[in-house]
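> Chain by chain, the residues:
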Amino acid sequence: METILQITDLEVSYGSVVALKDITFNVKSGEIVVLVGANGAGKTTTLRAISGLVKPKKGEIIFEGKRIDHLHPHKIVRLGISHAPEGRRIFGTLTVYENLMLGAYTQKQIDKNTLEWIYNLFPRLKERSKQLAGTLSGGEQQMLAVGRALMSKPKLLLLDEPSLGLSPALTKIIFDTVKQIRNSGVTILMVEQNAKAALKFANRGYVLEVGKIVLSGTSEELLSSQKVVEAYLGRK
Amino acid sequence: MEIFLQQIVNGLAIGSIYALVAIGYTMVYGVMKLINFAHGDLVALAAYVGLTVLMQAFGMHLSNLWAVILMFTVTAMFISLFGIILERLAYRPLRKAPRLSAVVSALGASLAIENGIMLIWGPNIKVFPSNIFPSTRWHISGVVINSTQIAILLLSIILMIALYIFINRTKIGTAIRASAIDQDAAKLMGINVNGIIIAIFALGSFLGSIGGLFIGIYYRELYFQMGWIYGLNAFIAAIIGGIGNIPGAMLGGMLLGIFNVLIAGYVSNTWSEALTFALLIIILIIKPTGILGERVAEKV
Ligand SMILES: Nc1ncnc2c1ncn2[C@@H]1O[C@H](COP(=O)(O)OP(=O)(O)O)[C@@H](O)[C@H]1O
Ligand SMILES: [Mg+2]
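If you read the protein sequences in the order shown, they are chains A and B.
Our numbering runs 29 ahead of the 1-based position in the first sequence.
Our numbering runs 15 ahead of the 1-based position in the second sequence.
Just so you know, not all the hints are guaranteed correct.
Straight line, CA to CA, 20 Å or less: simulated SDA-like cross-link-like pairs of lysine to any residue [unchecked claim]:
hint, chain 1, residue 1, chain 2, residue 2
1, B, 186, A, 140
2, A, 137, B, 185
3, B, 186, A, 208
4, A, 208, A, 146
5, A, 137, B, 183
Chain A is nowhere near these chain B residues, computed Cβ spacing over 12 Å in every case [what the hints assert, rightly or not]:
hint, residue
6, 129
7, 156
8, 165
9, 209
10, 274
11, 292
Restraint ranges, calculated between C-beta atoms of paired labels, are given here [unchecked claim]:
hint, chain 1, residue 1, chain 2, residue 2, range
12, B, 110, A, 155, 35 to 41 Å
13, A, 140, B, 113, 41 to 47 Å
14, A, 140, B, 119, 44 to 50 Å
15, B, 170, A, 160, 35 to 41 Å
16, B, 155, A, 145, 52 to 58 Å
The hints are simulated quantities; they were obtained by calculation from the structure and are not laboratory data.
Computed from a predicted model, the values in this text were never measured in an experiment.
Even for Gly, the Cβ is constructed at its ideal location relative to N, Cα and C.
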């Protein structure tokens with residue numbers, strides 16, 4: 030499989046706080062890759078560096094053979110990377126439909142098929158399209174965050190804790206949809222605190238610990254690793 | 016009753032000037048959480064530039080109509096460009112600096128423009144010609160409206176409706192609203208937030224320049240510190256309406272215009288400014304976010 034994203038020796042700091050140190054990993058076309066790690070390990074920072082919201086101090090981010098770590102976020106979106114950020118960050122005082130249209134900001138015109146596809150993935154969004162996004166429930170807001178990110182027709186989708194604060198039933202819906210999105214050809218790099226469930230449908234995972242990658246492997250390897258299970262996945 | 020209606024008409028004319036200027040404060044605040052103290056001085060600069068263009072046009076023996084059209088286009092273009100340059104020089108270098116630095120820079124820019132006006136046009140009062148619009152007056156059931164008031168009201172209303180449609184119905188307008196809500200999320204949509212900031216400075220300065228020209232036409236007397244007084248009133252109007260909210264700035268401007276005229280008419284001119292602040296305080300006590308403002312969590 031072709032490598033779509035290659036990250037090499039990435040280092041990111043917030044002022045004097047070093048958040049990531051010498052991170053190296055890759056994502057291959059068509060995969061679902063999960064980043065696992067405790068709070069503050071640097072998972073969100075990794076995604077923010079990829080989408081250009083923070084500038085790395087050192088290292089390279091290469092997307093489809095092109096270096097992107099010096100680009101502005103709005104340019105990175107145009108290359109085909111879309112980021113559904115931590116905390117959803119939907120535009121609460123705009124309507125659901127306006128949020129989706131903003132997701133398609135980089136497109137010359139709205140692609141009806143993409144919109145229909147998203148409405149099929151999340152029928153709730155269609156029912157509520159005229160409602161202010163801030164009035165949606167938590168689960169619906171997450172659906173909107175994912176749907177909005179898909180409107181730019183990305184090749185690579187970054188998802189930061191899509192199940193945060195959701196009920197097990199809603200989590201399952203979101204995870205099922207993530208699989209459907211991958212099956213439609215979008216590569217996915219996701220951060221999940223619900224690591225066990227995520228690894229079950231992901232291809233590979235990386236374990237982050239205070240800004241460093243300490244373990245990596247296929248989902249099966251990580252799920253069967255005693256160390257990972259104890260530290261991050263909880264006991265059976 | 017007739018006197019009261021007359022005051023309302025006068026108030027609406029002044030109010031639409033405040034509204035045009037207030038929109039500039041509110042749009043910049045909405046996206047950047049910055050109070051552009053130099054905005055009022057840009058408005059004053061517009062009046063001076065407009066007067067100079069008008070005199071040149073009269074010197075070339077242009078008809079009144081063409082002279083006025085020339086004054087509006089040249090001034091609006093010049094001031095919009097000036098607003099873009101102001102952002103580039105005074106605010107963009109401080110985008111990531113502590114907020115106080117931007118405030119100091121804003122005050123500095125304000126003083127610089129004020130002094131620039133004094134150097135170019137001198138410290139004495141300049142007077143706009145009185146015959147810009149025909150001296151026609153209409154008497155409608157006892158209320159007198161002159162052509163200047165009609166022109167101000169009509170043009171202001173057209174501009175505000177156009178702005179409202181632009182902000183609420185176009186792609187760039189939606190991007191402006193999104194950038195005001197959450198800049199990082201807007202960037203993730205592919206929005207060039209720097210471009211949006213340039214656009215709001217251009218747009219706010221454009222509307223402010225029209226306000227400045229109306230001030231010249233309506234009040235006629237120009238003095239180099241005038242930006243502070245008109246700017247302060249428009250800024251208060253923006254807060255009354257809910258700073259960051261564009262329809263709020265329009266509403267606040269109209270309300271303040273009517274209020275000022277009623278106070279001048281029924282109480283006294285000397286109390287006008289003190290009572291303006293009283294009105295501001297009362298509104299903020301009743302609704303701390305201003306009339307149309309929404310409570311937004313302070314972004315970290
Ligand atoms: N805006 C910020 N300013 C300063 N430090 C930050 C900021 N964001 C994150 N950090 C620090 O960077 C480290 C990694 O944070 P983050 O990437 O959010 O971790 P995770 O998503 O794995 O919980 C933490 O130590 C956190 O405190
Ligand atoms: Mg995080």
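> All the hints need checking, so say for each whether the structure fits it.
Hints, one by one, checked against the model:
1. Annotation: proposed proximity of residue 186 of chain B to residue 140 of chain A holds, straight-line Cα distance about 15 Å (limit 20 Å).
2. Our distance criterion of 20 Å between C-alpha atoms is met by residue 137 of chain A and residue 185 of chain B, whose separation comes to about 13 Å.
3. Distance check on the hinted pair: residue 186 of chain B and residue 208 of chain A sit about 31 Å apart at the alpha-carbon level, beyond 20 Å; violated.
4. Note on residue 208 of chain A and residue 146 of chain A: the hinted pairing holds, with a Cα-Cα distance of about 14 Å set against a maximum of 20 Å.
5. Proximity of residue 137 of chain A to residue 183 of chain B is assessed by CA-CA distance (about 19 Å); at most 20 Å being required, the pair is judged to hold.
6. Taking the minimum C-beta to C-beta distance to chain A, about 35 Å, the non-interface status of residue 129 of chain B holds against the 12 Å cut.
7. Every beta carbon of chain A lies more than 12 Å from that of residue 156 of chain B, the smallest distance being close to 42 Å; the non-interface claim holds.
8. No Cβ of chain A comes within 12 Å of the Cβ of residue 165 of chain B; the nearest lies about 36 Å off, and the non-interface call holds.
9. Against chain A, the non-interface label of residue 209 of chain B is violated: not every CB pair exceeds 12 Å, the least being about 8 Å.
10. Non-interface call for residue 274 of chain B relative to chain A: holds, since the shortest CB-CB distance, roughly 28 Å, exceeds 12 Å.
11. Look at residue 292 of chain B: its CB is around 30 Å from the nearest CB on chain A, clear of 12 Å, so calling it non-interface holds up.
12. Between residue 110 of chain B and residue 155 of chain A, the C-beta spacing of about 39 Å keeps the proposed range 35 to 41 Å intact.
13. For the pair residue 140 of chain A and residue 113 of chain B, the supplied restraint of 41 to 47 Å holds, since their beta-carbon distance comes to about 43 Å.
14. Hint check: residue 140 of chain A to residue 119 of chain B, Cβ distance near 47 Å, so the stated range 44 to 50 Å holds.
15. The given range of 35 to 41 Å is respected by residue 170 of chain B and residue 160 of chain A, whose C-beta atoms sit roughly 36 Å from each other.
16. Residue 155 of chain B and residue 145 of chain A have their C-beta atoms about 55 Å apart, which keeps the hinted 52 to 58 Å range intact.
Checked against the numbered hints given earlier, this structure breaks hints 3, 9; the rest are met.
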